[in-house]
Structures are given as C-alpha cells and as structure tokens.
Amino acid sequence: RKEVEQDPGPFNVPEGATVAFNCTYSNSASQSFFWYRQDCRKEPKLLMSVYSSGNEDGRFTAQLNRASQYISLLIRDSKLSDSATYLCVVIGNDYKLSFGAGTTVTVRA
Amino acid sequence: SAVISQKPSRDICQRGTSLTIQCQVDSQVTMMFWYRQQPGQSLTLIATANQGSEATYESGFVIDKFPISRPNLTFSTLTVSNMSPEDSSIYLCSVEVLADGGPAYEQYFGPGTRLTVT
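Top to bottom, those sequences are chains P and L.
Be aware that the first sequence starts at 1, since it is given in the numbering used here, and climbs by one per residue.
Be aware that the second sequence starts at 1001, since it is given in the numbering used here, and climbs by one per residue.
Don't take every hint at face value.
[As the list claims (entries may be wrong)] Label-pair distances were calculated between CB atoms; the ranges are:
{"id": "1", "chain 1": "P", "residue 1": "C40", "chain 2": "L", "residue 2": "M1031", "range": "23 to 29 Å"}
{"id": "2", "chain 1": "P", "residue 1": "A29", "chain 2": "L", "residue 2": "R1010", "range": "35 to 41 Å"}
{"id": "3", "chain 1": "L", "residue 1": "N1082", "chain 2": "P", "residue 2": "G54", "range": "45 to 51 Å"}
{"id": "4", "chain 1": "P", "residue 1": "D77", "chain 2": "L", "residue 2": "S1009", "range": "31 to 37 Å"}
[To be verified] A short list of chain L residues far from chain P (calculated; beta carbon distances all over 10 Å):
{"id": "5", "residue": "G1016"}
{"id": "6", "residue": "L1019"}
{"id": "7", "residue": "R1070"}
{"id": "8", "residue": "N1072"}
{"id": "9", "residue": "A1099"}
[What the hints assert, rightly or not] The following residues of chain L were derived to be distant from chain P, with all beta-carbon distances above 10 Å:
{"id": "10", "residue": "S1001"}
{"id": "11", "residue": "V1003"}
{"id": "12", "residue": "P1008"}
{"id": "13", "residue": "Q1014"}
{"id": "14", "residue": "T1017"}
{"id": "15", "residue": "S1018"}
{"id": "16", "residue": "T1020"}
{"id": "17", "residue": "Q1041"}
{"id": "18", "residue": "S1042"}
{"id": "19", "residue": "N1050"}
{"id": "20", "residue": "Y1057"}
{"id": "21", "residue": "P1067"}
{"id": "22", "residue": "L1073"}
{"id": "23", "residue": "T1074"}
{"id": "24", "residue": "Q1107"}
{"id": "25", "residue": "T1118"}
What the hints contain is simulated information worked out from the structure, not anything from laboratory work.
We put the CB at the ideal spot given by N, CA and C, even for glycine.
Here chain L stands alone, though its shape is the one from the complex (with noise of 0.2 Å):
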C-alpha cells in the first residue's frame, strides 16, 4: 500500500485565480495520477504524471487549464488556473503500487483536496 498526503485539504477560491494542490507519496512511485470527483459523480482521470517526463492528459482537459508538476518520485503538484465555479470539486491524487506478492497493481489515493470556486 501507500500513504498519500495532499495539501490543502479544502481552499475557497475566487474566480480568476489559480489553486496548486500538492501530493505527497510516503515511498517511490512510478505512476501518480491526478482525478476530478464532482458532486454525486463518479471519478475522472484529468492526468498522468510521470516523473522525467510531461504528464499525459485525457481527453477535455489540457495544460494550460491544469498544468502538472512531477519533480520526483514522491511528489506531485496540478495547479487550477484560471478558475470559475464549474472547477469546484474534489481532486484527488493517486499511485499506483505493486499488490502485495504480484504481480497486479493497485491504486491507492490521496484524501482529496475540496476546493470551492465563488
């Protein structure tokens, strides 16, 4: 398993402004992933991060919207930009770690950044 750390835990926002978001993984991981949950849905990928590399992002969302960081193998910022109501969500970072005794993986996530956009 990991534990994962993400900061802040809650923020209310103004219009127009940008929101970084940090993660932080308590070993080294490959894959770290940044998600959307808004109110009563489901989850949506936004992204990939891969350290060393740019991060890879889904369809309907781009990077200038959500610029992504991966400086090393513990740690991952998405920052927000630019923001308007329809933003307001729950984002959530997630790894991917290696089941105990192989060879499936799992994804654990963070507990999630609500950020409310006025």
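Here chain P stands alone, though its shape is the one from the complex (with noise of 0.2 Å):
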C-alpha cells in the first residue's frame, strides 16, 4: 500500500464550479499536512498547509480527518488558472515527506 493515495483525476470542470478531492494516508502517526500545486513542467509550490481545525485560503478550503487518515481540498468558484496538478504531501513521525502521485484539475471556460 502506498503511502500517499490520491485520485489521479483528472477533474473536469467548468469555470465557477466547485471541485473537491480526497487524499488518504497509511501512517496514523502522520504529523503535518499540505496540498501543494505544480504546473506543468514546473516546480511544485507550495498552497497551503493543513491544520487539525481545517483552514481557509480564499477560495481553497483544506481539511484534515485523522480517523479516516485523509485531507481534503475544496476549490470553489473554479478558475481556469486552477487547473494544474495537486500534490497532496504527508510528513511521518519519521520526518520525512511522503509525496500523492497528484491530482490533476482541469478548469474549462
């Protein structure tokens, strides 16, 4: 079993939509949480972190569910500069980072 599991997508969607994906992870000892973005050909830059109580980020909701073990990243009124790969990053008790394969969304006018 892998790590980090997203699904790979790819999300589909029309601009102003709302899209939300799920990441799930293996080890229940798992300390810090963030979604990452990464363009095409380019360097995965960093969204936002993940927090026990979930956080905001304009218009990117993330949440966390340690009972279940996944995070979770909400996008509302899509944009088609939203689209890009997603990059779920899961750091262990190890301290180590755990990379998704990444979940691709596509934002279509």
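Combine both chains into one complex, guided by the hints.
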C-alpha cells in the first residue's frame, strides 16, 4: 500500500464550479500535511498547510480527518488558472515527506 | 518562504558523462533536499544534505552515483554520475524553513533541472 494515495483524476470542471478531492495516508502517526500545486513542467509550489481544525485561504479550503486518515482540498468558484496538478504531501513521524502522485484538475471556459 | 535557484535549468547529456546541478538559496537553511521527478510521476527523495555532514541517501540511491556537496548554509550541488538514459528526469532541490508564525516547517522547491540523457 502506498503511503499517500490520491485520485489521479482528471477532474474536468467548468469555470465557477466547485471541485473537491481527497488524499489518504497510511501512517496514523503522520504529523503534518500540505497541499502543493504543480503546473506542467514547473516545480511544486506550496498551496497551503493543513491544520487539525481545517483552514481556508480565499477560494481554497483544506480539511484534515485524522480518524479516517485523509485530507481534502476544496476549490470554490474555479478559475481557468486553477488548472494544475495538486500534490498531497504528508510528513510522517520520521520527519520525511511522502508525496501523492497528484490529482489533475482542468477548469474549462 | 525561500527563493531557490538551480543551474542549469536543463541539459542534454551523453551516456557515460556526469552533470553537476547547483542549488542556491536566498537565506541560510539547515536542511536541503534533492528530489527526482520522472515523467508523469511524483517526487522521489534522493538524499538529505545538511551542512557539515555527509548526505543521507534514501533506499535505491548511492553516493557513488549521486555525490552531493553542501559547503555552506545557502548552497548545495548534486552530481549525476556515469549517466544512462534511465537518469533522464527532473531534479529538484528543496529547503525546509520555519512557517510564518511557526512552529511547523514548510518545504520550498527550486525550479528544477530537466535532464535528458541520450
């Protein structure tokens, strides 16, 4: 079983729609959680950290469910510029990062 | 956050040669990391490079193939030695910095070096 698993998508949504997807992790002792965004042929860029209470940054909302061992990302009012691959990153109790394979989101006009 | 630059941004190399990739950070950082990302896949950690000590390599990666230098707190190099086409990949360095307001750490990535081995 992979340490971090994501639905690869692609999620094809119209502009203005809401899109949400999850990431599951296998290590129950994982400590920190992040969502990164990676555009084609570019490096991953930190989108947001995910806190236990959940957090929101503009149109983006991230939540952590420790009981079920998943984190989620919700994007409201999708923009064309939101088209990207979203990487789930989990830091285990060994302080090492584990990356999901990414969820591809395509927002169409 | 941190601003990271890498050189070269891309290269095409012949089988059997070596390439050294440079990573420069705009601030002093303790932890620097080297990753590889093959087409369509996620990132794989090659090694962790701390200043003043030998790099720590992940399973499947060895120092003879991927020697790393970390001469100071803002700079590191990764060499891909005796290259084969299987080494064609994007190589990224990253650094760990304290998040604004702490106490958690966040990782930031350089723009990557796209390597093609023919």
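Name the hints, by number, that the structure is in violation of. 9, 10, 17, 18, 24
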